[in-house]
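Peer 1: Given next are the chains, with one letter for each unit.
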Amino acid sequence: MEVLLAIMVGTLYASGIYMILRRSLVKLIIGIILLGNGANLLIFLLGRIAKGSPPIIPGDSKVFLEAYSDPLPQALILTAIVISFGLQSFAIVLVKRAHKVLKTDDLDEMNATDEYS
Amino acid sequence: MKNRFLANLLLTFIWVALTGSFTIANILFGFILSYFVLFIITRGSGRARYFKLVPKLIGFFFYFLYQLVKANVQVAWEVGTPKLHMTPGIVGVPLDVESDAQITLLANMITLTPGTLSLDVSEDKKVLYVYSMYITNREEFIRDIKDGFEKRILEISS
Amino acid sequence: MTLDNYLYYIILPALSIAILLVFFRFFKGPSISDRVVAVDLLVTIGIGVIAVYSILSHQPTFLDIALILALIGFLATVAYSFYIQKRKDRDK
Amino acid sequence: MLSAILLGFIFSIFLVFAGKYFKGKLAVLSSLVPLVLFLYFLSFIPQVASGEVIRANYQWVPSLGLNLDFALDGLSLLFSLLITGIGFLVFAYTAAYLKGHDYLDRFYGYLGMFMGAMLGLVLSDNLLSMFIFWELTSISSFFLIGFNNTSEASRKSAVLALAITGSGGFLLLAGSLLLGGVAGTYSISEMVGLSDSIVQSESYLWIVLLIFGAAFTKSAQFPFHFWLPGAMKAPTPVSTYLHSATMVKAGIYLLLRFTPVLGGEDIWNTTLITVGGITMFYAAVHTLFRTDLKGVLAYSTIAVLGLLVFLIGLGTEYALTAAAVYIIVHALYKATLFLVTGIIDHETGMRDITRIAGLRKVMFPVAIAGFLAALSSAGMPPFVGFIGKDLVYESTLHMGTWSIVLTVLAIATNILVLYAGFVAGIKPFTGTLPESFSKVHLPGFLMWLPPVVLAVLGLVVGLFPGIIDGPLIQPVVSAVGIDSELHLKLWHGFNTVLGLSALTLAVGFAMYFLIKPSKSKERGVARFDFISPLSLITSFGSAFRTFSNWWTRIFQNGFLRNYVSTIILFLVVLVGYSLFSDHDGIPIDFSSFSRMTYYEMIIMGIMFLAIFFVIGARSRLTAVVAMGVVGYAICLMFVIYSAPDLAMTQFSIDTLTVILFVLVLSSLPKYLSISDYKMKAIDGVLSVAFGILITLIALEVLGEPVNKEVSNFYADNAYVMAKGKNVVNVILVDFRGVDTLMEISVLTIAAIGVFSLLKLRLRRDDRELKD
Amino acid sequence: MTDTIIGIIATLGTVFVLLAGVGILRMPDTYLRMAVTTKAATLGIGLILVAAAIYFNDLSTTTRVLAVIIFILLTAPVGAHLIGKASYIKGNKLWEKTIMDDLDGKYRKTGKNISLPRNMDHDKEKH
Amino acid sequence: MKTIILRTASNYMLPLLLVFSVFILLRGHYLPGGGFVGGLIASIAFVLHAFANGLGDTRQLIRFHPGFLMPAGLTVSFLSGISPIIFAGKPLMTGLWYPHHLPIVGNLGSALFFDIGVYLVVLGVTLTIIFTISESV
Amino acid sequence: MTEQLVIYPLITQMLLAIVLMFFWSRIQWQRVVSILGSLINLGVAVWLFVTVWQGGTLSIQAGNWEAPFGITFVADTFSATLVLLTSIAGVAVSSFSAGSVIPARLKFGFFPIFHFLLLGLNGAFLTGDIFNLYVWFEIIIITSFVLLTIGGEKAQLEGAVKYFTLNILASIVFLTAIAVLYGLTGSLNMADLASKVAAVENRTLVQVNALLFLVGFGIKSALFPLYFWLPASYHTPPSAVSAIFGGLLTKVGVYALIRVFTLIFEVDPFLENVLLAVAVLTLFSGAVGAIVQNNIRKIFSYLVICHIGYMIAGLGMMTEMAITGAIFYLIHDIMVKTNLFMMSGVIYKIKANHNIRKLGDFYADHPKLSLLFAIPLFSLVGIPPLSGFWPKLSLISEGWNTDNFIVIAAIIFASFITLFVIVKLWGEVFWKTGEKLPEVRNFPYFNKLTGIKKAQMLAPIIFLSVVSLYLGFGAGNIQNLAERIAFELMDNQEYINTVLSK
Ligand code: NA
Ligand code: NA
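Chains as they are written, first to last, in UniProt numbering: chain B, 1 to 117; chain H, 1 to 158; chain R, 1 to 92; chain G, 1 to 771; chain S, 1 to 127; chain V, 1 to 137; chain X, 1 to 502.
Any given hint could be a false lead.
[Stated by the list, open to error] In the BS3-like style, the derived pairs of lysine-lysine whose C-alpha atoms are separated by at most 25 Å in a straight line are:
#1 B:51 with G:708
#2 X:436 with G:156
#3 X:154 with X:107
#4 H:70 with H:56
#5 H:70 with H:151
#6 B:103 with X:448
#7 R:28 with S:90
#8 H:83 with H:52
#9 H:83 with S:93
#10 H:146 with H:125
#11 S:97 with R:28
#12 X:196 with X:502
#13 H:125 with S:97
#14 X:424 with X:368
#15 X:454 with G:20
#16 X:436 with X:454
#17 G:20 with X:368
#18 G:156 with X:368
#19 R:28 with S:93
#20 H:70 with S:97
#21 X:107 with X:453
#22 B:103 with G:759
#23 V:2 with H:125
#24 X:368 with X:453
#25 H:52 with H:125
#26 G:25 with X:368
#27 G:708 with X:454
#28 X:358 with X:436
#29 S:90 with V:2
#30 G:708 with G:156
#31 G:23 with X:368
#32 X:368 with X:448
#33 H:151 with H:125
#34 X:424 with G:156
Source of the hints: derived by calculation from the structure; they are not laboratory data.
Sequences are here, hints too, so could you generate the full structure?
Peer 2: Structure follows, in structure tokens:
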């Protein structure tokens, strides 16, 4: 299974970068989201995956009696997801503003700040 | 009516606490038990409405289930057979129900049964536009709805 | 045949097929509404899959996710239809 | 001794604050500063002459080996006296020369700073502290050259001078550090003892080349000489002080200082002789074609600097003695000539030699000074210049096989230097006074006395060479590492040298009378400017600028996609190389992986398809909806792989993102698909390579052993210690609560950002950045 | 016994879900797809959830299952209504065999692009 | 969107979702949920309300600017994070626990307040972002 | 409980940020609170620094969970120094912002965000946990996004799009690196990772992981060829923002690189070559870029890039002395670059222009200011004995000792170009007779400002200039400090023992 998941992660990374390279503001954001998902899944995968054993101590017991999946990557990803949400919201608004002020969606036309003044 | 319902719930809770068993069956049993107890101890028409309502509600529920299953089967046949037999259309159903809640309930009931779909309510809340897969006759379709869901909604909510 | 096996070999595959069918509609479109309907249906079937999976793994915890799916998936649909109503015919 | 050096700096810092009040009399009084120092150094002559080295040590950055170690030996003393002595005259002269100038305080400030730096340079026994002072002289020179800062020519010259001497400074730094590393010490006196091992070390060549680089740039040797004529843009006192008497001699000082450490090797001597020889001849010839008085003097200064390097290169007892003498000679007469030129400039407002004449009639004392200095520069007996020139010929003649060539070179140079001296010191005063100069008059004594003093000193020293021989020259020569029995004499009897001197004078006089400076000649030689080092360096400069432009454009080209591709390419190449280079394959342990189930495959399959759908979507909303599907698939994956909290969060966030998109989408532009197929293909290859790399890394990591120490701790203690059963939540609010606290801070900041981005509408007045 | 009941209920639910899947694929227009499918799934999923509730047979699970079902019943029809209305406004074509359309002209009088508030805040826009 | 169906439904769902969000918040220490998801659900409740009734109504409902919830929530989390420094001389984020077991909540400790802070911040953030965006479309 | 001291700088900044949020639109209060708070924070930082200097490394375990299980905060000399520098820059920029940032921006959260940024920086310097470092980095980038875009002018937005994308990319790479690290070791505590990474048998993967960190932090540090976001954006926001960016943002990347490559990963020959090549090209590209610019802030931006090369060169050579040089340069650079961007802000307030071709007359009109500005300018060049000079001693001599001649050449080249560029700038801006610049309507010209505003802008420049002068003339002390830091970094046992309380 891990093989498939690893390929999935690679696909997310590849498609994320590909979308970022597409010159379009909207695609840029989509690319960033895809990349973020890829990174989260990578943490998840490399923390090793396990099926059907959520890291929740059951019922009345005080410790795990059976196998449990690693909770730490999950906590990390949670943090990462939330942070990316903050960044994405900002990005979406930034793109909206940039489009409105700069009047273009073509990133190739946004090169005035790299011009010499 | 609200008091009755609350009393009913309270009694249920007491029952559950007494028996100490928090299973769904026990709670259901407690509810029915206390309902009957309340039914027995209550007199007067004003207070009796709660006890008329509950059976209607249950009736409504089963009517809805019936419609749901019936329509699902109808759709199953439609989907499962190679040919398409639909005669779809959008019909404006004049409304007798008035409050927003009633309209919403009616519209949702109609939508929830497969094959029909509430598209919109007119600005003056007098007409409900319903999309349906099988319309042979506008009046018949309207009557179905008015005698079916709308009548029952009016019963339970007024 | 135990319940687990039944769920695993019959029910879950059937749901999977349903998902594939719906996904195919998502692919085909053709209108954005069709896709939204498809996604909405996907989420709904997802709830079912989660329910079956929670039985299979004996973890009622997963049902909580179903709860969230039911609540929040709706909001996405609201948002889509909000957008469809709002936007101009730029998109085609 | 530190206070002696610091005095100059303190003086200039004082001026920063008291500048407003610094006018007239005070300026004159300020010349007491160098005077006091001069007398102070003078007092050391007996001790130094007896071979003593006076030392003073102060700690600064001991761990770097950098301490303020000062040592006063013959060489330092000679330079210290020049710096303070000429400094005194220049300070006094300036008070009159720049009288009433708005920025007199600044000027004195820079002068004071320069003097301090120069003293520090010649007194340092620590290589690094010497470097520090070296750089400070360049900087103060920069400010002085650029003193007339509204003139573009001044600014350009200042920048050019600093660029050349500054780069030399960096070479000195590198050389010093290398030398210090090889020697194990930065103490110059200690290095003398380690000379043998330094010379034999592998780094010797590097050291010598770097030190040469420093010395040649500072002392304006060919081909780095061109900054010096430019530096003449500075007010004349500066030219006198820095660009003739002292600062340009710092390179000479450096070479002399390191002769006992690095000298004696072929590479040392040959290079110095060659460079010095070329410089002196090249510059001397140039004096023929100048009509600006300061230009003439500048080139003749370069010629003398070349001569000094040449002499150090010869490295014999004679040559080094000659060098020591020539330093004094040159300081005396060239300073005089500059001061004289300054007076002419100041009074007539011009320096064009073709138009200035007859000034003796209006400024006789100045004419005397010019005349005396010119004769000294010509090497006429009994001027000190004669002694110097004698020693030069003496040393070239003793050079065996090469002696003829070297002597001829020396003679030619001396002839031309003579010519230059005459042009600058005599020509302005002879002939008839033009009508336009009728109102020209002798300036105040503050201006004419310093040149006269210097010129007379040249005569006095020539007559009585003993004044400098024992007290100054011998200690210099011994400081340079030579036990000399040679004594200065005016008269050596009739010998070859005298003949050569006579020849020099004769030809020189002839040239002076036959060849007149003229504009046409100047223009004529200007036609060859394009091959001059200056124009070469200038065109190299502009070529470099073009290159810089190109290089900067290549990378900072304004296209975000290029930035991203470059970064990813860098990553892929680097990581790919590392991953593939080390062993024959990438070990992936497939056996450790779990079994694939159909439902996982279906979820993955849907996710793959949805991703491709996102990529290929033609409409924004379709892409967003497809993104939603990708998110929901991930959510399902989290369910399957036992991460309910993640599933919930992923789902909620995904939905919220969709809502955000939907809210802004209608105000967003069309969904562009602009790239052509070629771009798509290139980007596709790069992206896929990146994706494959990540996949391979992931698979390889999965084959590694697992360490679950930390997560087991969480699992074991979640309830027992932290009283929670949802371990993920316990981690979030307890074990790693700090992460969460910061995560909600990130959210808050993002929200503020969104708020200000959308709500803050600057008024039209504020539209352009005002803060 | 319980297992059998669970099996039967789950099977029923799955059948409905499958029907929805086939329906959404087969139906010729957006409205038909919605009408046929969206809520067929509701019934199906409801049944599957009931099966889960029976399986776990404890209060907290059952309440949760009930909550899910209630949520679905509450939200699904509203969602369908919204998409349906949106599709109609957007101008999704009705299937050619549609026999009547009482809504015809209701929205399109104002032109092709129905004028809708640009702002979610439509109440505010009035004043 | 002008539809009474959505409006009515949303009016019923708002309290339901809010209660549900608090439920998710409180049980987070034991079962999936917690301040983050809780806050999201709460904000979704308001967003839904805003979709159906317009932003003005929702603003009236909340009365104060949702942005205020951000510093408020941060304060709660921050204080519960540094309370061990102030009250117990222990490092920040050290759990402080009320010794007795409480219904629903379970163990009452600083972690719960921390999670409440998270809830408030998430609610404030989401509402601020969404309200701001829809106001400026 | 001296260990508590480690997080006091964080607590003060967070408190400030929250309090300032409550003062949302009362900008006069915000100014006062921010400056006073920054001063208090400086006091705390000094206290921390002195304590660490005297008593050695401190560490505290958040949540009282012993390392490596909780999140550790560590203040070794390196961290304490950087926190101190951040606080110094913080005080300066806080005051400068109070004086220079227009009210419209202040009303939209400038100060709270600014203190969040300082919080992020301090957190990044103090944390001993690699994932926590990621979180601090995120605080830093989100605050920098907001500060970069606040006001939303055209250039700001355009720069921000690039800045945003590339910094997000850096975060993703960083996160990827953390994933691999966790997958290999199962730990996140940096002290713990030191031994765990060393124990990993698959060295290829360790190297790959190190390279991922290099690229992730390299983007943040603006190394070649990863620096593109910097010249595209640093000249677009208000000067106060540029100041804190120019001084500290890239440096936190450098800090992370140094930390990670001294504590967690060892620099093998391949990495060494990569680092050195990158350093050389960074020095080169930054220098070459600075030559061709005319906008003051763009010149400084390229010099920011260029000078990062020194530090990376020091890291690449990986000897104690080279690290010493890198650290000294880091200290110097933070102070000077912050000051220079503030300086450019004052020039802008006076002339309403950033173009050196158009500027001029500064020396004639403002001699005292010119003299003041000369201090950071020539410190940057490293005119001895000013601060920029000292680290080059260590770097060049280590270059000789390790036979890295190209590195020496690059260092000298970069120093030379810096000299040239600054001298040119001096000539153009200070010496030249400038163009008559058109009066900008309603521009808050410097001389129209109140005395307090002027003081708020100039005081920090004087303050930082004095600090840089101290760095130069008191180089002995700074060198000692840098040496101690380098020693602690190279011999990380004290760090590890303190954290893991062995
Ligand atoms: Na339906
Ligand atoms: Na229906």
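Peer 1: The structure should be examined with respect to each hint, and the outcome stated for every one.
Peer 2: Evaluation of the provided hints:
Among the hinted pairs, residue 51 of chain B with residue 708 of chain G is consistent with the structure: their alpha-carbon atoms are about 17 Å apart, no more than 25 Å. As the CA atoms of residue 436 of chain X and residue 156 of chain G are separated by approximately 21 Å, the hinted pair is consistent with the 25 Å bound. A threshold of 25 Å between alpha carbons decides the hint, and for residue 154 of chain X with residue 107 of chain X the separation of about 20 Å falls inside it, so the pair holds. In summary, the hint linking residue 70 of chain H to residue 56 of chain H is supported, as the alpha carbons are separated by about 20 Å, within the 25 Å threshold.
Pair hint residue 70 of chain H plus residue 151 of chain H holds up; C-alpha atoms about 19 Å apart against a cutoff of 25 Å. Our distance criterion of 25 Å between C-alpha atoms is broken by residue 103 of chain B and residue 448 of chain X, whose separation comes to about 35 Å. Taken as a hint, the residue 28 of chain R and residue 90 of chain S pair is honoured in the structure, with Cα atoms around 19 Å apart against an allowance of 25 Å. A hinted pair counts as satisfied when its Cα atoms are at most 25 Å apart, and residue 83 of chain H with residue 52 of chain H does not qualify at roughly 46 Å.
For the given pair, residue 83 of chain H sits about 21 Å from residue 93 of chain S by alpha-carbon distance, which is consistent with the 25 Å threshold. For the hint linking residue 146 of chain H to residue 125 of chain H, the alpha-carbon distance of about 15 Å falls within 25 Å, and the restraint holds. With a CA separation close to 21 Å, the supplied pair residue 97 of chain S and residue 28 of chain R stays within the 25 Å bound. A distance of roughly 16 Å separates the Cα atoms of residue 196 of chain X and residue 502 of chain X; the hinted pair therefore holds under the 25 Å criterion.
For a cut-off of 25 Å, the pair hint linking residue 125 of chain H to residue 97 of chain S is broken: about 29 Å separates their Cα positions. Distance hint between residue 424 of chain X and residue 368 of chain X is fulfilled; the C-alpha atoms sit about 20 Å from each other, no more than 25 Å. Restraint check for residue 454 of chain X and residue 20 of chain G: the C-alpha separation of about 23 Å stays at or below 25 Å, so the hint holds. At most 25 Å may separate the alpha-carbon atoms for a hinted pair to count; residue 436 of chain X and residue 454 of chain X meet this at roughly 24 Å.
As the CA atoms of residue 20 of chain G and residue 368 of chain X are separated by approximately 12 Å, the hinted pair is consistent with the 25 Å bound. Of the supplied pair hints, the one linking residue 156 of chain G and residue 368 of chain X holds, its CA atoms being roughly 24 Å apart against a limit of 25 Å. About 16 Å separates the Cα atoms of residue 28 of chain R and residue 93 of chain S, which keeps this hinted pair within 25 Å; it holds. As the CA atoms of residue 70 of chain H and residue 97 of chain S are separated by approximately 24 Å, the hinted pair is consistent with the 25 Å bound.
Proposed proximity of residue 107 of chain X and residue 453 of chain X is supported: the alpha carbons are some 17 Å apart, at most 25 Å. In summary, the hint linking residue 103 of chain B to residue 759 of chain G is supported, as the alpha carbons are separated by about 19 Å, within the 25 Å threshold. Distance restraint check for residue 2 of chain V and residue 125 of chain H: the Cα-Cα separation of roughly 12 Å lies within the 25 Å cut-off, and the hinted pair is therefore satisfied. For the given pair, residue 368 of chain X sits about 18 Å from residue 453 of chain X by alpha-carbon distance, which is consistent with the 25 Å threshold.
For a cut-off of 25 Å, the pair hint linking residue 52 of chain H to residue 125 of chain H is broken: about 29 Å separates their Cα positions. For the given pair, residue 25 of chain G sits about 24 Å from residue 368 of chain X by alpha-carbon distance, which is consistent with the 25 Å threshold. Of the supplied pair hints, the one linking residue 708 of chain G and residue 454 of chain X is violated, its CA atoms being roughly 58 Å apart against a limit of 25 Å. Note on residue 358 of chain X and residue 436 of chain X: the hinted pairing holds, with a Cα-Cα distance of about 8 Å set against a maximum of 25 Å.
The suggested pairing of residue 90 of chain S with residue 2 of chain V holds, with an alpha-carbon distance near 15 Å, which does not exceed 25 Å. Restraint check: the Cα-Cα separation between residue 708 of chain G and residue 156 of chain G comes to about 67 Å, which exceeds 25 Å; the hinted pair is violated. Pair hint residue 23 of chain G plus residue 368 of chain X holds up; C-alpha atoms about 18 Å apart against a cutoff of 25 Å. For a cut-off of 25 Å, the pair hint linking residue 368 of chain X to residue 448 of chain X stands: about 18 Å separates their Cα positions.
Distance hint between residue 151 of chain H and residue 125 of chain H is fulfilled; the C-alpha atoms sit about 17 Å from each other, no more than 25 Å. Using a Cα cut-off of 25 Å, the hinted pair residue 424 of chain X and residue 156 of chain G holds, with the two alpha carbons roughly 9 Å apart.
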